[in-house]
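Participant: With the hints as extra help, turn the sequences into a complete structure.
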Amino acid sequence: MTTLRPDPLTTSTFRERARAQLAKPFLREAVPKATDHAVAALRTRFADHDYEALRELGRAIRAEAIADLDRHLADLEQALVANGVRVHHAADAGAARDLIRGIVRDAGGRTVVKVKSMATEEIDLNPALAADGVRVVETDLGEYVVQLDGDRPSHIIAPIIHKTRGEVRESLSRAVGRELPDDAAALTGVARAQLRDAFMEADVGISGANFGVADTGTICLVTNEGNGRMCTSLPRVHIALMGVERVVPRMTDLAVLLPLLTGAGTGQLVTSYVNLLSGPRRPGEPDGPEEMHVVLLDNGRRALRGTPYEEVLHCIRCGACQNVCPVYRQVGGHAYGWVYGGPIGAVLTPLFRGQRDGGELSQATSLCGACDDVCPVKIPLHDLLLSLRRDRAAAGVAPRGERIAARLWSWAWAHPATYRLSVRLARAASLPARHPAVARRLPLAGRWAAGRTLPRPARRPYHRRLR
Amino acid sequence: MATEPVLFPTCLGDIVMPEAVRHAVVTLRACGVAPRPVRNATCCGQPGYNAGHHDEARRVARRTLRVLDRTDGDVIVPAGSCAAMMRLHWRELFAGTRDERAAVRVGRRVRELSTVLADRVDVVAARGLAWPGRAGYHDSCHMLRELRIAVEPRALLGHVRDLELVPLSSSERCCGFGGTFSVRYPEVSVAMADSKLDDARQAGVDVLVSADPGCLMQLGGRATRRGDGPRVVHLATLLWEAGLR
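Just so you know, the sequences run in chain order A and B. Start counting the first sequence at 1; every next residue gets the next number (our numbering). Start counting the second sequence at 468; every next residue gets the next number (our numbering).
Don't take every hint at face value.
[As the list claims (entries may be wrong)] Pairs of lysine to aspartate or glutamate, DMTMM-like flavour, derived with a Cα cap of 25 Å:
| # | chain 1 | residue 1 | chain 2 | residue 2 |
| --- | --- | --- | --- | --- |
| 1 | A | Lys24 | B | Glu654 |
| 2 | A | Lys378 | B | Glu639 |
| 3 | A | Lys33 | B | Asp661 |
| 4 | A | Lys24 | B | Asp661 |
| 5 | A | Lys378 | A | Asp298 |
| 6 | A | Lys24 | B | Asp695 |
| 7 | A | Lys378 | B | Glu559 |
Calculated from the structure, these hints are not laboratory results. Note that the coordinates shown come from a computational prediction; the quantities given were computed from them, not determined experimentally.
Facilitator: Written as structure tokens, this is what we have:
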């Protein structure tokens with residue numbers, strides 16, 4: 001896959017990236033605070049509802065959609081076309097970029113306003129449009145700050161979860177060239193003024209799609225800031241980029257999936273804005289775009305059907321797994337090195353980017369299973385991670401040292417005699433290893449000893465007490 | 468036919484926490500369960516299995532499986548994650564091999580220690596256990612989310628007089644051990660342990676109790692290095708100290 005921005009995945013390890021994030025005190029204050037808040041809100045919001053029953057319904061709907069993906073997509077396309085929408089198919093990121101660039105060019109687009117969309121992140125759309133001389137403005141407040149910083153979103157639904165208000169103030173102050181007060185209302189006021197001009201000037205609005213409803217030909221978009229409505233109704237042209245897996249068979253499915261998405265994501269039973277976009281402006285209607293395009297993005301999705309990883313296509317991108325993940329809590333989303341962070345990123349990245357580039361991420365989790373328990377559509381992330389790790393070992397892309405260690409362990413511990421010998425050797429080695437200077441140089445043990453006291457094998461392990 | 472329960476110490480129990488294993492045996496005996504510790508079993512294979520090295524894991528676990536298959540009672544395991552590995556993952560690990568049926572057979576017999584003790588909670592209650600201090604309980608992830616054991620260890624601690632069981636907001640959050648994760652990403656792993664220890668410290672607990680040697684090694688190792696943390700002990704050790712012997 002070609003990426004137009006630096007690709008941390010191929011130039012650094014998770015450990016290096018995680019270390020860099022661990023060194024940021026703001027991040028380590030902001031991420032736990034925000035994620036704890038989201039998790040608490042989820043629990044409170046569903047306290048009087050049967051979340052388990054709703055999850056099961058959600059899982060069933062998503063399974064139905066993916067099991068017969070091609071039929072539902074054909075239905076969606078037919079209904080969209082009947083509504084006057086132009087539908088395009090993109091096999092990969094490059095094709096999607098070219099399609100969107102073409103639509104913007106044909107529309108004579110000079111300014112593009114965007115609704116936050118992970119799919120457009122996935123295809124690296126903004127740099128491609130910028131290269132064509134198009135001014136792109138992210139209009140979600142968080143994404144706007146990300147863009148000012150030349151950064152990437154670090155959370156699926158809360159792009160600047162890693163930033164404190166103070167840091168946001170610094171970013172916005174830089175953008176307007178004067179010191180802004182540390183006041184949330186004032187800061188959003190400044191951003192609003194900047195964005196309002198962009199909305200009025202824009203020729204094209206680009207969004208993602210939370211769901212594509214097959215029976216009515218509707219793109220569903222949820223936001224809390226109202227910017228989604230501006231982007232999809234003010235400019236002359238609206239383009240929605242939708243991952244093919246986001247199709248749902250029926251409008252009534254949203255009755256289940258929307259509260260699951262927003263409840264699991266932000267603890268809201270409904271967001272401030274729920275947009276159901278069913279075609280461009282019709283004759284006699286006062287507003288809406290003249291043209292509406294939907295670009296259906298595959299980029300490795302269809303190939304996952306019929307594999308052990310099919311269920312990852314059920315994902316509705318709510319971010320709940322990131323909110324409960326104890327690893328994400330410490331390092332945030334950027335440590336994962338690509339578009340999606342947290343447990344879902346640890347699964348998607350190896351699948352979309354391949355074992356060689358992305359395989360390491362399946363190891364970047366402690367396998368605690370908290371993600372499984374929270375996922376609103378019950379994706380077995382824990383099992384998928386285990387499966388990816390198995391693939392990684394089988395593909396031979398694990399580091400040489402790891403493979404040797406696994407073989408040595410297996411050889412020694414398959415027999416009680418060699419097992420006991422290994423315990424005795426470890427006991428002997430543990431004496432000099434009491435000195436931190438020695439411990440640090442040991443393989444594996446050194447990595448343990450960097451922050452923890454090395455456990456000393458007992459003088460009389462339990463098996464010796466049995467004689 | 469009378470069956471005889473056995474106790475599988477697990478590798479970490481055997482090597483680094485033999486005292487906790489001894490306490491498990493003693494507390495079980497005090498409750499009228501007399502498990503015979505198995506010899507010649509080494510490890511359940513979890514470190515290799517979780518890292519993706521199934522062939523290597525199978526080779527190690529096969530020895531343990533075959534030894535246990537020659538016994539017939541409950542297989543009591545004083546380690547939540549090992550119990551989960553044996554109960555839930557062995558059947559997959561051995562699927563398609565000649566040990567498949569043994570894996571299912573033995574897996575069904577596996578019992579995590581605290582559930583065996585909790586079955587005899589009346590006996591425990593009648594013993595008049597006492598331990599003065601504030602204790603926090605740490606859920607082992609696999610014990611909690613794979614075996615769904617959360618009530619039993621807390622119920623046992625509830626029968627200890629003078630012990631104040633302090634609810635911790637982080638009790639269900641991972642300690643950062645994660646097997647090979649702890650040495651693959653030591654900085655993240657340690658940061659995760661710190662967040663638990665900070666929480667325990669803030670709650671003012673004297674002791675952090677868990678039923679999984681992996682978590683205990685992680686939290687204990689970090690607490691010792693920091694020098695300010697609470698004492699970290701196995702559930703069996705605490706019950707033993709409280710008089711269940």
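Participant: Does the structure keep Lys33(A) and Asp661(B) at a Cα separation of 25 Å or less?
Facilitator: At roughly 16 Å apart (the allowed maximum being 25 Å), Asp661(B) and Lys33(A) satisfy the hint.
Participant: So if I understand the rule, the pair passes when the alpha-carbon distance is 25 Å or less; does Lys24(A) with Glu654(B) pass?
Facilitator: Between Lys24(A) and Glu654(B) the Cα gap is close to 13 Å, so the pair holds against 25 Å.
Participant: Under the criterion that the straight-line Cα-Cα distance not exceed 25 Å, is the pair Lys378(A), Asp298(A) satisfied?
Facilitator: Answer holds: Lys378(A) to Asp298(A) is near 23 Å, not above 25 Å.
Participant: Against the 25 Å threshold, does the CA-CA distance of Lys24(A) and Asp661(B) hold or violate the hint?
Facilitator: Holds: Lys24(A) and Asp661(B) sit about 16 Å apart, inside 25 Å.
Participant: Holds or violated: Lys378(A) and Glu559(B), Cα atoms, limit 25 Å.
Facilitator: holds (21 Å)
Participant: With the threshold set at 25 Å, check whether the alpha-carbon distance from Lys378(A) to Glu639(B) stays at or below it.
Facilitator: Answer holds: Lys378(A) to Glu639(B) is near 19 Å, not above 25 Å.
Participant: Could you grab the alpha-carbon distance between Lys24(A) and Asp695(B) and see if it respects the 25 Å cut-off?
Facilitator: holds (24 Å)
Violated hints: none; the structure is consistent with every hint.
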